[in-house]
Amino acid sequence: MQTGIIARVREALTAQLDPTKKYLVACSGGSDSMALTDAMQLAGFSFVVGHVEHGLRGAESLRDAAFVRDFCAARQLKFGFRQVQVREYCQQQKVSLEDGARILRWQALQELATDCGVAFVVTAHQKNDQAETFLLRLLRGSGTRGLGGI
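According to the numbering used here, the sequence shown is numbered sequentially starting from -9.
Think of the hints as simulated: they come from the structure by calculation, not from any bench. In this text, a Cβ means the ideal position worked out from N, Cα and C, and glycines have one as well. Mixed in with the good hints, there may be bad ones.
As the list claims (entries may be wrong) - Taking CB as the label site, the calculated pair distances span: (1) Leu32 x Gly107: 35 to 45 Å; (2) Pro9 x Thr104: 38 to 48 Å; (3) Gln83 x Asp8: 13 to 23 Å; (4) Leu32 x Gln82: 26 to 36 Å; (5) Phe57 x Ala(-3): 25 to 35 Å; (6) Ser36 x Ile(-4): 28 to 38 Å; (7) Pro9 x Leu52: 16 to 26 Å; (8) Leu7 x Thr104: 41 to 51 Å; (9) Asp8 x Ala49: 13 to 23 Å; (10) Ala49 x Ala109: 28 to 38 Å; (11) Gly34 x Val111: 15 to 25 Å.
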């Protein structure tokens, strides 16, 4: 059965991504991004793993970064790392932690992509991410533009 799953994942990835290109895979250490990283390697794509540490969860966040770094080392994957200071950014820009983290994460991933010579960033989202984003924005009182989800 595993062979069938691997073949389906490889087929899905190659249907969406060009196997001749190099990618940056955003990997938080969560199950969805770890599965994507593993699948990209099993499918034979050329990529660098990018991890962004937001400076929000202290030692726990640093353990996540070490986990992703060690995962990459064990699989001989290239690893890129950036640290951002979300709280300070949010105070300066007067934005929420969620928005500040998203802005700084994308900036850091784009910098990593440039530094690694890749043009595309690949992210993993589990099936509930879209609905979760919509509901959070609805509860916050967002207008129609903000309710668009991811």
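Whether the CB-CB distance between Leu7 and Thr104 falls inside 41 to 51 Å: violated (19 Å)
Cβ separation of Pro9 and Leu52, checked against the hinted range 16 to 26 Å: violated (34 Å)
Satisfaction of the hinted span 13 to 23 Å by the C-beta atoms belonging to Asp8 and Ala49: violated (39 Å)
Supplied distance hint 28 to 38 Å, evaluated on CB atoms of Ser36 and Ile(-4): violated (18 Å)
Pairwise beta carbon distance, Gln83 to Asp8, judged against the given window 13 to 23 Å: Given range 13 to 23 Å: violated, Cβ gap about 35 Å.
Pairwise beta carbon distance, Leu32 to Gly107, judged against the given window 35 to 45 Å: Check failed, 23 Å falls outside 35 to 45 Å.
Cβ separation of Pro9 and Thr104, checked against the hinted range 38 to 48 Å: For Pro9 and Thr104 the Cβ distance comes to about 22 Å; the hint is violated.
Verdict for Gly34, Val111 (Cβ pair) under range 15 to 25 Å: Roughly 19 Å apart at Cβ, these two residues keep to the hinted range, so it holds.
Hint check for Ala(-3) and Phe57 - Cβ pair distance inside 25 to 35 Å: holds (28 Å)
Pairwise beta carbon distance, Ala49 to Ala109, judged against the given window 28 to 38 Å: holds (35 Å)
CB-CB spacing for Gln82 and Leu32 relative to the 26 to 36 Å hint: Violated, since Leu32 and Gln82 (Cβ atoms, about 42 Å apart) do not stay within the stated range.
Violated hints, in rising order: 1, 2, 3, 4, 6, 7, 8, 9; the structure is consistent with all others.
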